[in-house]
Amino acid sequence: MRCLYIICILLAAHLIGTPAGAQKAILVSSTGKFFEFDYVNGTCQTKELTNFCSLNVPGFSAAQYKNKIYYNSGTQLYEADLLNPALCRPLSVFCTGNSMTADKNGTLYWVDGVTLYRLPSGLTQPEILGAMPFVAAGDLMFYGDKLLMAAAPSGGLQNYSLIEVNISSPPNSKLFMETPGYNFFGLMNVSIDCNTNKVYGIAGNGIGGSDFVELDMEARVVLGKLCSITISVYDAASPTESGEVRGVNVNSISIKPQCEGAGLGEIAVAATSASASAKLSFSSNGGASNETGTFSNLTAGNYAIKITSTDGCSKDTFATVKLIERLEVRTATTPDTCGALTGAVTIAPVSNHSGLRYSLENAAYVAGNVFTGLSAGRKSLKVMESNGCVLDTNFIIPTYRPPLPVSNVTVTGATCTVANGSLVLTFANGVNIQGVRIDGGTIQSSGSFSNLSAGDHQLQIITNTCNFDTTINIPLLSTTAPIVTYTSVSPDCGDKNNGSVRINLTGSVNPYTYSLNNSVYSNNNYYTNLSSGTYAVSVKDAQGCIFSGTVVVQPYVSLPITVQSNVTPTDCFNAEGGKATINVQGSESPYFFRIDNRNFLAGQEAKKLLPGNYMVQIRNGNNCLVDSVSVTVAEQNIPGINCDTVYVPSAFTPNADGKNDLLRPVFSNRTTGFIFRVFNRTGQIIFETKEPQKGWNGRFNGIEQPQGVYVWSFMYISSGGRNRTFKGTTLLLR
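The opening residue of the sequence shown carries number 35 in this note's numbering; numbering runs sequentially from there.
Please note that a few of the clues may not be correct.
[As the list claims (entries may be wrong)] Cβ pair distances, simulated, as ranges: (1) 444 - 543: 51 to 57 angstroms; (2) 454 - 542: 47 to 53 angstroms; (3) 444 - 474: 35 to 41 angstroms; (4) 357 - 315: 25 to 31 angstroms; (5) 444 - 539: 33 to 39 angstroms; (6) 294 - 378: 46 to 52 angstroms; (7) 649 - 542: 55 to 61 angstroms; (8) 378 - 473: 51 to 57 angstroms; (9) 130 - 297: 25 to 31 angstroms; (10) 589 - 639: 33 to 39 angstroms; (11) 356 - 139: 29 to 35 angstroms; (12) 510 - 591: 39 to 45 angstroms; (13) 567 - 510: 26 to 32 angstroms; (14) 538 - 468: 53 to 59 angstroms.
Simulated from the structure, these hints should not be mistaken for lab results. What you are looking at is a predicted structure, and each value in this text was computed from that prediction instead of being measured. Each residue gets a CB set at the ideal place from its N, CA and C atoms; glycine is no exception.
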């Protein structure tokens, strides 16, 4: 409707989902302010909305759709959100209308003078629908599916009136009812219960206020004044100005029948509510409800549909699912002759159905039951009757090919290198030969072909009814084939390409040339540097005849070996490192082994090995990898072994209880050059000693140090003469 709306969440709850009996709306005053209107206990009540839109711009004409308010101010169109005033925003739409409303889909309509505009939801460019023969005096609203406008006397009108606007053809708009004595600026279509709306016109009362006048839209008469307010109203808006009721509006019911042998039925109900806060649920025959309105897998019968909204409204309707008997058809086919697309099918119904339409090979459905120009083969067919039931079937277009129109064929063979073969065809009597060709060449009338090479050739004979395609073989003239044998040597290692092949030949059509794996023919019959695998061999004689075969170079197979390993663990602290000796016995000596990226002769000792696992590679005298073994070099830390073992406590408690009162290293062997230091958090040395028996008591300059983590370091020379340095941290506890 014409100006609008609303602000706080509490007010939004009133206007989006008003309770039964409420007659609420939003008013726009002549000063551009917004007011909440309510009719309570026989009196009209208004309340100014001071937080309607965070942009705080005045309104003129307005409309409501669900929880959205649309209004113009000057030439700018705005959108407000009843649930959140902060979402109020200008739209990129030019709008100068002096009346406005919204339909049930959220499409805006407004009138500027006599011109009707439409703006579908989400668009920014309004449509100009055309000019009406009437001038807008006030508001627009929907009553049911009719768009009504308050009009001034013009275009043949003697009084102020309501005009039924023809949306598709505005010049054909017509009088709906006269409102003599009332110039309605605003129109209100408000809800009084779930399924009933009332319509009020708002007119100036001549003393700066407005009268609310009730209209009987069915009788098309003015009933009289409901009440008055002291505000001059220019426009009004309500959730039901779209013509929908606040409860449940059934927009459509689509029904799919139960198709015998082809699927169960379905009912789809589309419904809406003018209340933005209401959610709808649907149930059928008292069963479980859903929010989609779709009920599937239904057998034929009557179904009671109940639609319930969360604001307490409901609506009952019904639908009938029909049972459609099984579709049956009969097909009569014509074969496709010689692949010339001469196949055809005629489809005749067997069952009693009307409105049959046909789809061949998933093409669009057509009414015609004859399809021509078909190739041979199986074809898919769908038949749909008037209720939407579909028969999915198929049929076969047979093929027909007459006998080859030849009574005799004479073939002369060709030699290996010279295309000197020939073909002579004698055509059958009574056949209309249009032409003949070989290997896709020029079409000729004669059946004689010469200069043909040995091998298969594609022959095509063309008649006035069919193209015949067949294969003719020109034989190779007799020649003496050589005796070919092969000698192959495997590579001497799995990762080497040093195998070889020798081609041995005995023949009489000299000289012979050779090719391995499609290489250039040459006199060479010995090929080296080959990996294992299968190779193609070709031998060409002096006449150019080629004889082909294959030769296999077998892969290298390593001979068995015996491996023994002897490993010595590392000494204490890896001073000398571990040792490993690998002994190998086999028939491909000498053998070598590789460990720690170093190579050794089998039987040699590998020294200075760090603790860990090693994969040892063993190679033969040809440097061929023949085996791998795993050895482990352990770290020697066995009790009783003379190691430079050192231990520093991770925490100590200098509380004079005789337990853990000192922080000092503990040794398992004699050392020299000992220095032990302790540092505080700033890096300052707070304790130092060169005597292993002394330790730190947790004091610095006689003052107890706070609890916490302290860094220590010490250096010494081991019994083996090695310089050792250790660092770490210890927790002081009190």
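Evaluation of the provided hints:
| no. | hint | result |
| --- | --- | --- |
| 1 | 444 - 543: 51 to 57 angstroms | violated (28 angstroms) |
| 2 | 454 - 542: 47 to 53 angstroms | violated (22 angstroms) |
| 3 | 444 - 474: 35 to 41 angstroms | violated (22 angstroms) |
| 4 | 357 - 315: 25 to 31 angstroms | holds (28 angstroms) |
| 5 | 444 - 539: 33 to 39 angstroms | holds (36 angstroms) |
| 6 | 294 - 378: 46 to 52 angstroms | violated (30 angstroms) |
| 7 | 649 - 542: 55 to 61 angstroms | holds (59 angstroms) |
| 8 | 378 - 473: 51 to 57 angstroms | violated (34 angstroms) |
| 9 | 130 - 297: 25 to 31 angstroms | violated (55 angstroms) |
| 10 | 589 - 639: 33 to 39 angstroms | holds (34 angstroms) |
| 11 | 356 - 139: 29 to 35 angstroms | holds (31 angstroms) |
| 12 | 510 - 591: 39 to 45 angstroms | holds (41 angstroms) |
| 13 | 567 - 510: 26 to 32 angstroms | holds (30 angstroms) |
| 14 | 538 - 468: 53 to 59 angstroms | holds (56 angstroms) |
The earlier numbered hints that this structure contradicts are 1, 2, 3, 6, 8, 9.
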